[in-house]
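Given next are the chains, with one letter for each unit.
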Amino acid sequence: MDSAQRYDRQLRLWGDYGQRCLQKSHICVLGSSAVATELLKNLVLPGIGRFTIIDNEIVSEGDLGTNFFVTHSDLGKSRAKVTTQNLLEMNDQVQGDGLYQDWSTLLNESPDFFAKFNLVALTQCTNSKLTSQLAALCWQLRIPLVITYVAGFLGHIRVQVAEHTVTETHTTNTLDLRLDCPFPAMKELFSKFNLDCEDPIEHGNIPFVVILYHILEQWKRNNPQKTILSFSDKREIRAMVRQARHNSQEENFQEAEEYVVRALNPTVLPANVLALFDHPTCRSQLTEASNTFWILIRALADFVNKEGQGRLPVSGQVPDMKTDTNSYVSIQRVYHEQAERDYQCVRSRVHDWLKQLGRSLADISDDEIRRLCKHAAESRLQRGSEWSKELNRLPRSTSNGELGSNLLWYLAYHAFYNQIQITSNSSALEGYIQPWQKEGGTHAGPTGLICHLQTRLDYLMKHSKSELHNTAAMVGGMVAQEIVKLVTHQYLPLLNTCIVNNIEATTSSFSW
Amino acid sequence: MVQAKYAQLYQCLEPTTIPSWSDPSSVNSTDDTPLVNAEEQAQAREFLHTCKVLVVGAGGLGCEILKNLALSGFTNIHVIDMDTIDLSNLNRQFLFRTKDIGRPKATVAAEFLKQRLQGIEVTPHFNRIEDKDDDFYRQFDLIVCGLDSVEARRWINALVVQLNESGTVLPLIDGGSEGLGGQARVILPPHTSCYECSLELLKKQTVYPLCTIANTPRLPEHCIEWASVVGWPEHAPGEALDTDNPDHLHWLYQTALDRAQQFGIPGVTYSLTQGVVKNIVPALAYTNAIIASACVNEALKLVTCCQPTLDNYMMYTGSDGIYTYTYKYEKRPDCPVCGRETKVMRIDRNTTLEKFLEILSDTPDIQLQNPSVGVGSRSLYMQSPPSLEEATRPNLEKPLCALVDDGDELVVTAKALPISLLIRVKFIPDPSESSQ
Numbered sequence: 001m002d003s004a005q006r007y008d009r010q011l012r013l014w015g016d017y018g019q020r021c022l023q024k025s026h027i028c029v030l031g032s033s034a035v036a037t038e039l040l041k042n043l044v045l046p047g048i049g050r051f052t053i054i055d056n057e058i059v060s061e062g063d064l065g066t067n068f069f070v071t072h073s074d075l076g077k078s079r080a081k082v083t084t085q086n087l088l089e090m091n092d093q094v095q096g097d098g099l100y101q102d103w104s105t106l107l108n109e110s111p112d113f114f115a116k117f118n119l120v121a122l123t124q125c126t127n128s129k130l131t132s133q134l135a136a137l138c139w140q141l142r143i144p145l146v147i148t149y150v151a152g153f154l155g156h157i158r159v160q161v162a163e164h165t166v167t168e169t170h171t172t173n174t175l176d177l178r179l180d181c182p183f184p185a186m187k188e189l190f191s192k193f194n195l196d197c198e199d200p201i202e203h204g205n206i207p208f209v210v211i212l213y214h215i216l217e218q219w220k221r222n223n224p225q226k227t228i229l230s231f232s233d234k235r236e237i238r239a240m241v242r243q244a245r246h247n248s249q250e251e252n253f254q255e256a257e258e259y260v261v262r263a264l265n266p267t268v269l270p271a272n273v274l275a276l277f278d279h280p281t282c283r284s285q286l287t288e289a290s291n292t293f294w295i296l297i298r299a300l301a302d303f304v305n306k307e308g309q310g311r312l313p314v315s316g317q318v319p320d321m322k323t324d325t326n327s328y329v330s331i332q333r334v335y336h337e338q339a340e341r342d343y344q345c346v347r348s349r350v351h352d353w354l355k356q357l358g359r360s361l362a363d364i365s366d367d368e369i370r371r372l373c374k375h376a377a378e379s380r381l382q383r384g385s386e387w388s389k390e391l392n393r394l395p396r397s398t399s400n401g402e403l404g405s406n407l408l409w410y411l412a413y414h415a416f417y418n419q420i421q422i423t424s425n426s427s428a429l430e431g432y433i434q435p436w437q438k439e440g441g442t443h444a445g446p447t448g449l450i451c452h453l454q455t456r457l458d459y460l461m462k463h464s465k466s467e468l469h470n471t472a473a474m475v476g477g478m479v480a481q482e483i484v485k486l487v488t489h490q491y492l493p494l495l496n497t498c499i500v501n502n503i504e505a506t507t508s509s510f511s512w
Numbered sequence: 001m002v003q004a005k006y007a008q009l010y011q012c013l014e015p016t017t018i019p020s021w022s023d024p025s026s027v028n029s030t031d032d033t034p035l036v037n038a039e040e041q042a043q044a045r046e047f048l049h050t051c052k053v054l055v056v057g058a059g060g061l062g063c064e065i066l067k068n069l070a071l072s073g074f075t076n077i078h079v080i081d082m083d084t085i086d087l088s089n090l091n092r093q094f095l096f097r098t099k100d101i102g103r104p105k106a107t108v109a110a111e112f113l114k115q116r117l118q119g120i121e122v123t124p125h126f127n128r129i130e131d132k133d134d135d136f137y138r139q140f141d142l143i144v145c146g147l148d149s150v151e152a153r154r155w156i157n158a159l160v161v162q163l164n165e166s167g168t169v170l171p172l173i174d175g176g177s178e179g180l181g182g183q184a185r186v187i188l189p190p191h192t193s194c195y196e197c198s199l200e201l202l203k204k205q206t207v208y209p210l211c212t213i214a215n216t217p218r219l220p221e222h223c224i225e226w227a228s229v230v231g232w233p234e235h236a237p238g239e240a241l242d243t244d245n246p247d248h249l250h251w252l253y254q255t256a257l258d259r260a261q262q263f264g265i266p267g268v269t270y271s272l273t274q275g276v277v278k279n280i281v282p283a284l285a286y287t288n289a290i291i292a293s294a295c296v297n298e299a300l301k302l303v304t305c306c307q308p309t310l311d312n313y314m315m316y317t318g319s320d321g322i323y324t325y326t327y328k329y330e331k332r333p334d335c336p337v338c339g340r341e342t343k344v345m346r347i348d349r350n351t352t353l354e355k356f357l358e359i360l361s362d363t364p365d366i367q368l369q370n371p372s373v374g375v376g377s378r379s380l381y382m383q384s385p386p387s388l389e390e391a392t393r394p395n396l397e398k399p400l401c402a403l404v405d406d407g408d409e410l411v412v413t414a415k416a417l418p419i420s421l422l423i424r425v426k427f428i429p430d431p432s433e434s435s436q
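Protein sequences appear in the order of chains F and D. Going by full-length UniProt numbering, 427 is the number at position 427 of the first sequence; the sequence numbering is gapless. Going by full-length UniProt numbering, 49 is the number at position 49 of the second sequence; the sequence numbering is gapless.
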């Protein structure tokens, strides 16, 4: 109860399941300066399981002005150890270790050390060779890596994750009413309502799903050849809804008209789910060691191919609608019962797979199977790209699709990580500018672009050791947010780079 | 020593001109003169360490704002908050611990900051913002707001607009957050829009019609509302419902659950009951961190002039990647608080005064609860004092045309605002009259 109360404001977002994922996670943070402690603050407060900080710096005067998790009396002590203590003091449900050590030694001598973490975050590292080496290791171990750097008013965040699976996006407002493919119990219930009834109260209480169901059946009888509704078909159906109402005041008919477009979308397998079914792990590579996500997806695919007749399990979620209590409850029940039948089928398919793989049935809880069935349409796989490839390639797309101030900051960061000294006659510069010359040429000309890049790179170089606390706090907030998304598999994570520009109070995201 | 502590900060404050991408001429400009010279730079630093800043709210945003200000070189900080600490604050309000539950937020926040960081002064005010007078607010050079209440924001905004109009320069930086999103804005009257200008951006609160709650409940929320609106007054006549009282909450939950079971409605939980009756908004440590730093970023730039300040609105959402949108929220010429034009309301002449007061509370860009109205020095309806209320009550039933003339300027006041609003009523021509 205590925990539920303490975490109440976040449980309302990611639920008990999200909280359990967070509490099971162990993350590694390399570095313990402001951006590292700020991101950790935002993970310790909501209750991450465990963290490990690795840093061989000691607390200096400079830290006192930028880092909230050191005090004057800590001067000269291991910064990793001091900040770990001060972070843990905020939440006794979290465990943490501060290692006074050079992480590059670990990377070189015992890379296996990193295999135990759910995620690694690298902060304020200027050594491009070490960054690349760590990124390659994490890529190979399939551990998500976040790389971040704060310089003055600028910040850079890069998420490297090979494959990330999402179970709940919280963004799509899906409606699963099956009006185009009604199941038997639904047909039986809906046919009890009479659209032609005279009684105004009865007529005004027919739920909109029932109205749309009857009108659609009627329309199908008139148009037996059509299987997919076009926009003008929907317009026709809307006109029929309007004709069936007694007067314009009937809220249930207003709702029916509003829902025509959304509720009559065909019940099909979403592309994101199809992509999961086509994934080699789902098709043929399930093993005893497989992640539970892939066993669930395979069971789901089996369900779709057999009992589901090409469709996902019914989610069982019904929107509110203008009607009387009994009608609403009976409609809710009919969808819920179908969802329950579908869930039972998926459950037995999950159990078949667990048995076949020689695993315990307890490996996947009923709660998890229910969650999958309820949010099946949201499941998706996101593919990231490798850090080392980025250094030789330019972004494929940008948030606004054009060359702008923040893309130049991105290029400057790129050069900064590569430790490229750009001068107006450097040849390294050409590679940076060339792809953008066509667009930028009309704007500032190649020399203009060089000047833009040069001033930005100069800024980053000059401020490479000035970690403005406030920028670190913002970047730390964003990095923590992305880490929580990655470990809970909820919401959609950043793919894969963000520039934080606090000079102009803007941010831009880039991916490739 | 001070020098070493602030070395990184000072370097960031050195003015650097980054050529603007949207202004190509800035690239080829050979003028390298910095925005401010060395002497002005030193003055700006001095001002950063001496200026007086007020933080309104010591909750999720407030804790972050206070920390960021203190680590950005602000040393003279005041904080005002009327709340005490609750267990559910601890997942984000990092200046508080379990042992502090029940103590004033402002006091504990100030104590923690002073103990953790050297060389700063933090003065707590365990007060409602309305309890302080103009002179209190006038002593500050800047106000940074991290509130979760619309009413409190409107009050502070109106006060700031009024003070700026009377010659005090007092910028207001306002942050707001909910779940994975939020916004930060700079309000500097008369140069920018104010909070009231954007009132219509607010999401309309879900209101469940009483007839649904009473007769045709469908959702668990309907049952919970019934328990609090209909059930409680019958159960405890005369006793106000206290949503912070666990006994009251438990009674509501049980009653809502019984009603739901009676109707066969699933989904009433203790957590949902709490959410509905307390109107709980989900809140996260990191969203607050992002919005608070967006606010303090502008405070720092504004005070030191090292970079241009946000003009004037940035919205943020983090549910799909990281997304921000920065733009200029335009002033509304007829904003009732900062506008120069009087807002005009077109209204039927036969509308009763009572209905008119209702319209005032429902209009998206006014939203004033329990207003008092006058014309010139004549009171039409006054909420208080009781004697005046009684004297003006008969006017409520009268049509507007019996009380004011077409085009009259009404003076509207309400507890929510420290200033009065001017609204000009224009009678909609009555078709039955014009045809005669």
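Just so you know, the hints here were simulated from the structure itself, not pulled from any lab data. Certain hints may be false.
Subject to a maximum C-alpha distance of 25 angstroms in a straight line, what follows is the list of computed DMTMM-like cross-link-like pairs (lysine to aspartate or glutamate) [as the list claims (entries may be wrong)]: (1) D/K204 to F/E257; (2) D/K99 to F/D112; (3) D/K5 to F/D74; (4) D/K203 to F/E257; (5) D/K328 to D/E200; (6) F/K24 to F/D112.
Compare the structure with the hints numbered earlier in the document and write down the numbers of the violated ones, lowest to highest.
Number 2 only.
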